[in-house]
Amino acid sequence: MSIVVLRDAVVLLGRFPALSGVDLEIGAAEVVLLQGPNGAGKSTLLRLCAGLLRPHSGTSVVLGHDLSKSRAVVRRSVGLLGHDTALYDDLTVTENLQFLARAARIELEEVGSALDRLGVAARLHDVVVGRLSAGQRRRVALAGVALRRPELWLLDEPHAGLDQGGRDLVDGLVSEAAAGGATVLVASHELDRTLALKTRRVTVAGGTITADVVDACAVDTDSVDTDSADTDSVDTDSVDTDVVDACAVDTDVVDACAVDTDSADTDSVEADVTGVAGGRGS
Amino acid sequence: MLADVWLVTDKDLRIEWRSRVTLSQVVPFALTVLVLFGFALDANRGVLNAATSGLFWLTVLFVTVVAVARSTAIETADGARRALLLAGIEPAAVFFGKTLAVALQLLGVEILMVGGVLVFYGTTVESLPLLLATCAVATVGIAASGTLLGALVAGVRARETVLPILLLPLLAPVLIAASRAFDDALGVLAVDGWAWLGLLGGFGVVNAALGTLAYGRLLEEA
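Protein chains in written order, with the working numbering: chain Y, 1 to 282; chain P, 1 to 222.
Simulated from the structure, these hints should not be mistaken for lab results.
Do not take every clue at face value.
[Claimed, not checked] List time: in silico DMTMM-like cross-link candidates among lysine to aspartate or glutamate, alpha-carbon distance up to 25 Å: (1) LYS69/Y to GLU90/P; (2) LYS69/Y to GLU221/P; (3) LYS69/Y to ASP171/Y; (4) LYS69/Y to GLU109/Y; (5) LYS69/Y to GLU220/P; (6) LYS69/Y to ASP8/Y; (7) LYS69/Y to ASP4/P.
So that you can see chain P by itself, here it is in the shape it has in the complex (with noise of 0.2 Å):
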C-alpha cells in the first residue's frame, strides 16, 4: 500500500515538476494576493497585523483550489483516470498518493508565504513549532478534503467553477482553525493555539477516513 500511496505522489509530483504550474503560477499568485492584502490594510498596522493569519490561510485555500484543480486535471485528460483504474493500485493508495503530492506542494507554497508575510508585513513568531505544525496539520487536512472533492467534481463539465464553490465553504473550518492557532503562533490573540490544532487534525481524520471508503467509488463513477 505505501509502494502504491507513493508510485502515485511521485507521479503526480513529477507531472508537476515537469509541467511548473507550482512555480511558475501558484507561487507568484500566492504572493501577489498576499501584497495585494497588504497594501489594502496598510494604512493601519494594527488592522494588518491583526488580520495576517485570516488573510494568510485565506490566501492558502484560493492556492489549494489551483493546487486541487491541478490534481484533478491530470487524471481526467486523455483518460488517464482509466489507467489508474486498470493500473490495479488500490483506489485508497491513489487518494492518499494524490492528497500527499498536493500537500506537499502547498507547504512548499506556505513555506515561501511564511517568508513573505514575515517581510511584507513585518510579522514576528513567537511559536515556531505550533506555527509549523498548524501548516503540517491544516496542509494535510486541506489537500484531503480537496482531493476528495476534486474527485466528486472529476466528471462535471464545469468543474473549474463547481471546484472553489464546493470546496472554499467545506475548508471553512480549517480557515477558523487554522487561523486561531496561527494567532497564538504569532502572538497576535492569547488564544490556545494546540487546541485548535487539534481541531485541525480531527478535520484531516474525518477527511482521509471519507477518502479511504469513498475515492474508489467517486473514480469510477467521474
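Same shape as in the complex, but just chain Y (with noise of 0.2 Å):
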C-alpha cells in the first residue's frame, strides 16, 4: 500500500512555486532520506505531506486521502517535527505532551513513557519548556511526535541541536517507528547520520525530484557484488524504485544493494538511473 502518492504536485506559497511538479510514491514502512541544498522544496515536501499545505495542482494523496479535500483527516494521523518545535514555552514539558494527548485522545499515561524514551529527565518535566536548552526542547518535541504514534513520521533536520545521545535517540526511533510499520521521512543535511537509517534517499532541487535512490547499507550488503555494479546489471526485482545504490561502497557507482539481498541477482535486470548524479551527497 502506498503512504503517499505525489503525482506532478504543485505548491505554491504565495505565488513563488516551492514544489513544481513532484513525483513520489512511498510505501508502508519505508524510511525515506529527503536531501537537497537549501530551499530546495524539503520542508515543503514534509509540510505537504503533513497536511499544512494546500497542493496548487497534481495529485497528492497520503494515507489514502486527497490533500486537495480532506487535509484534516490526514493531520490527525501524521506526526511532524519542523525546524520549530511547535511546544508552549508558558506550559511545562509534562503538560505540553497532556495538552497533544488528550487532543489525540491518547491515555496520559503514555506521556511519562514518551519523555523517558526521548531521555528528558524527570527533573525536567515540571519545567516550563521556556526555560530549556534547544536540544532538550527537541527532545521533547520529539517525544511529542512519538507519543501519537503517527502512522507517517514527519521529520525536518531531526538531528539538529541534538547531542549524541539524542541523536542516537533519534536513530533508534525512526528504526524502531519503521519496524513498527510506520512510514518516516526525514530530510537532513547529516548524512552521515541518515545513511545509517534510511532505506532509500530522495533528493529535491529546484521543487522537484531530481534522483529517487533505494539503497541498502542497513542491510547485509556482504551478498552484494559490488565491484561489478553496472547500471544496467542491477537486480530490482525486489524493488520498486528508480535506482538501487549501495552508499557504503563507491557512491560514484551504482550499486547492487536490493532490499532482499538475499536473492539479488546483480547480473540480470536492468534499473532506471533517471537522476543518479543529483543523488549524490547534495
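Join the two chains into one complex using the hints; note that each chain is given alone, in its own frame.
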C-alpha cells in the first residue's frame, strides 16, 4: 500500500512554486531520506505530506486521503517535527505533552513513557519549556511526535541541536517506527547520521525530485557484488524504485544492494538511472 | 467537542496564569485608563457621570486589544499553531476555546473595573442583573470577534498595529449597545437596556457563527 502518492504535485507559497511538479510514491514502513540544498523544497514537501499545505495542482494523496479535499483527516495521522518545536513556552514539559495526548485521545500515562523514551530527565518534567535548552526542547518535541504513534513520521532535521545521545535516540526511534510499520520521511543535511537509517534517498532540488535511490546499507551488503556494479546489471525485482544504490561503497558507482539481498541478482536486471548524479551528496 | 473547547481554554488560561500578563499589565492598564478619564472629566461631575458607561466600555475595548494580541501570540510563537492543526482538534472547538479564555479574562478585568468605577467615579448601580448580563453578553461578542480577527491577522507581519485598526471599528456596535445598556443599569439614562442587550446578543451570535465557519480556514492560512 502506498502511504504517499504525489503526481506532478505543485505547491505555491504565495506566488512562488515551492514544489513544481513532484512525483513521488512511498510505501508502508519505508524510511526515506530527503536531501537537497537549502531552499530545495524539502520542508515544503514534508508540510504538504502533513496536510498543512494545500496542493495547487496535480495529485496528492497521503494515507489514502486526497490532500486537496481532506487534509484535516491526514493531519490527525501524521507526526511532524519541524524546524520549530511547536511547544508552548509557558507550559511545562508534561503539560505540553498532556495537551497533545488529550487532543489525540491518548492515555495520559503514555506521556511519561514518551518522555522517558526520548531521555528527558524526570527533573525536567515540571519545568516550563521556555527554560529548556534547544536540545532539550527538541527532545520534548520528538517525544510529542512519538506519543502520537503516527502512521507517517515527517522529521525535518531531527538531529539538529541534539547531543550524541539524543542523536542515537532519534535513530533508534526512526528504526522502531519503521519496524512497527510506520513510514518515515527524514529531511536532513547530516548524511553521516541519516545514511545509516534510510532505505531510500530522494533528492529534491528546485522544487522537484531529481533523484530517487534505494539503498541497502542497513542490510547485509556482504552478499552483494559491488565490484561489478553496472546500472544495466542491477536486480531491482524486489525494489520498486528508480535506482538501486549502495552508499557504503563507492557512491560514484551505482551498485547492487537490493532490499532482499539474498535474492539479489546483479547480472540480470535493468534499472532506471534517472538523476543519479543529483543523488550524490548534494 | 466540549472537551476540546475546555482543553484549549484550559491551555490558554494556564499560559496566561504563568505569564501573569493580565494580572501584572492588563489590570493596571485598565484601572489607570479609568483613573485618567476621571482626572480629565472630574471638573464637571455631571459630565463624568454621563460619560461613565462610554468610558467603561471604551476601556474594555482597549483591554480587548491587549488580550486578543496575547491570545494570538500564544499560537504564533515557535510554530505552536502547527501543533494545534496537527493535534486533531476541530477548528470550531479551537475557536470557542480561545474565545472562552479571552472572555473569562475580560470578565475578570471588568469586575475589577466595575469596582473601580464605583470607587473612583462614585457611581451607583440601579439594576445589577442588567449590569451583569450586559458584561456577560457583550464580553462573549467582543471575545468572539477578537478571536476571529486575531486569527485573520496572525500571519500579518505588523499584526500588533493592524489588530487595533481592524478590531476597534468592528467593535463599535458593542461600544454603543453596551454603553446604552449600562446607562440604564446605572440609572444615567432612561433607555431600555434590555433591548440593547438583545442587540449585543445578536452581535455575539453572528460572530460565533462566523468563527465556527471561518476559523479553520484562517488557522490554516495564517
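Structure-based check of each hint:
| no. | hint | in the structure |
| --- | --- | --- |
| 1 | LYS69/Y to GLU90/P | holds (16 Å) |
| 2 | LYS69/Y to GLU221/P | holds (15 Å) |
| 3 | LYS69/Y to ASP171/Y | violated (34 Å) |
| 4 | LYS69/Y to GLU109/Y | violated (35 Å) |
| 5 | LYS69/Y to GLU220/P | holds (14 Å) |
| 6 | LYS69/Y to ASP8/Y | holds (17 Å) |
| 7 | LYS69/Y to ASP4/P | holds (24 Å) |
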